[in-house]
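With chain A held as given, fit chain B onto it using these hints.
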Amino acid sequence: MAITLNKAQELQWVKEGRVYHGTHGALTTPAAFETDLVRQTPDFMIRVPAGVVIVPLRVLVVAEATDTAVFQALVSTCDNDPGTTGRTAFTPINVNSRYAQRTASTVTCYVTSTDNSGTAPTNVADVHRAYVQPRIDNVGTGSASFDQVIYAPLHGKGAPCVVGNENNMNAFLVYVGAAGTSTGYILTAWAEFTYAEFYAV
Amino acid sequence: MAISLNPENELQWVKENRVYSALHGALTTPEAFETDLVVTTPDMIVRVPPGVVIVPLRVTIETEATGAAVFQVLIRSCDNDPGTANRTEFTPVSLNSRYAAVRGKCNAWYLSSGACTTPTNTADLHRVYVQPDIDAITGSATFEQVIYAPLQGRGIPAVIGSNGSYNALLVYVGNGTSATGYIRTYWAEFTYDEFYAA
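Keeping their order, the protein sequence lines are chains A and B. Residue numbers for the first sequence follow the numbering used here, so the first one is 1 and each next one is one higher. Residue numbers for the second sequence follow the numbering used here, so the first one is 1 and each next one is one higher.
This is chain A alone, in the form it adopts within the complex (with noise of 0.2 Å):
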């Protein structure tokens, strides 16, 4: 039977243990973000297998140092697999607690990039973009900006998307280019389907 691909069924999916998150930087230690954006070296990377499909559900970047401007995210998908090469993986969490601790993610994260040796994206699109003029961290006591980078594709930030192929890796990647020493930390979400029932008719 065909899922029902309604944004009211954020919530079932979360019961149905559908919805994992992933995390950079953690608690009060913040990762460091790239100094540019640079599509070999994403922040935050979803690897994709084939037979599985992903539903991104929300991307939040939150800045805490910022060396100096400009701050620039980019949320992006491509069709290929861009690899593992200089990364770290980190382990998706069920965001249904009943499912926390013992049942698996069926992709694979990654964060930190420390080269640009992994393989180009492919036929790429993006999906949200944000730039920041100033220092972020630096613009005064005028103003306090509560939400920074917010990708929430089912409620009109971002577009929304569908990652997932049946024969090859396919990836969902974030992006963060911040001059200088910059750090913060990246949340995501995602429900997942198999390849089968996501299309099923």
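Please note that a few of the clues may not be correct.
Unchecked claim - Just a sample of chain A residues kept apart from chain B, beta carbon distances all over 10 Å, derived:
| id | residue |
| --- | --- |
| 1 | Lys15 |
| 2 | Pro30 |
| 3 | Gly83 |
| 4 | Thr88 |
| 5 | Thr91 |
| 6 | Tyr99 |
| 7 | Gln101 |
| 8 | Ser117 |
| 9 | Asn165 |
To be verified - According to the in silico footprint, chain A covers these stretches of chain B (three or more CB under 8 Å from chain A):
| id | region |
| --- | --- |
| 10 | 23–29 |
| 11 | 60–69 |
| 12 | 97–103 |
| 13 | 138–147 |
| 14 | 176–184 |
Read the hints as simulated data drawn from the structure, not as lab findings. For every residue, glycine included, the Cβ atom is placed at its ideal position computed from N, Cα and C.
Relative to the frame of chain A, chain B by itself:
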């Protein structure tokens, strides 16, 4: 059978390979914006051929360098073909990675090095007017800039396409001097017949 035009079907349309994207400015190379809003020099055009109907889903614009105040954006539709003269083609990409290499039904064009055919019977769908020089602002950080998301209440929803002629979606940016940035446009595609089926 008629297509359900419920806004909650956006993701279903992605699944069905109906949703495509077009970019103006790539990765870290922004494109130059026009210096003013001029009817015949849109920064981006999505040309909808006869027999095709599109529903615009998002247009987002981020400024990089803004040479001076003022910054303006206008998004509109028209019921004729603005043409392709003086423009560069962008091949739209599907937002379903399964179909990322599959071409859509529409063509996108960007950069105006000269005038296009004057759009007729235009409908203005979204507008932004920002007074200060954006890249000179240091007292606040704006993470979201121009967002047209008509099915979520930001801008006016539209249907663009006809059975007998080209129609178009037009995106204009006007910024005083030497302004650059990025435009991303997303839409869902239908055939005229399936869209208007009873």
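Each hint tested on the structure:
no., hint, result
1, Lys15, "holds (18 Å)"
2, Pro30, "holds (17 Å)"
3, Gly83, "holds (16 Å)"
4, Thr88, "holds (24 Å)"
5, Thr91, "holds (23 Å)"
6, Tyr99, "holds (23 Å)"
7, Gln101, "holds (29 Å)"
8, Ser117, "holds (18 Å)"
9, Asn165, "violated (5 Å)"
10, 23–29, "holds (count 3)"
11, 60–69, "holds (count 4)"
12, 97–103, "holds (count 4)"
13, 138–147, "holds (count 9)"
14, 176–184, "holds (count 3)"
Hint compliance for this structure: hint 9 alone is broken.
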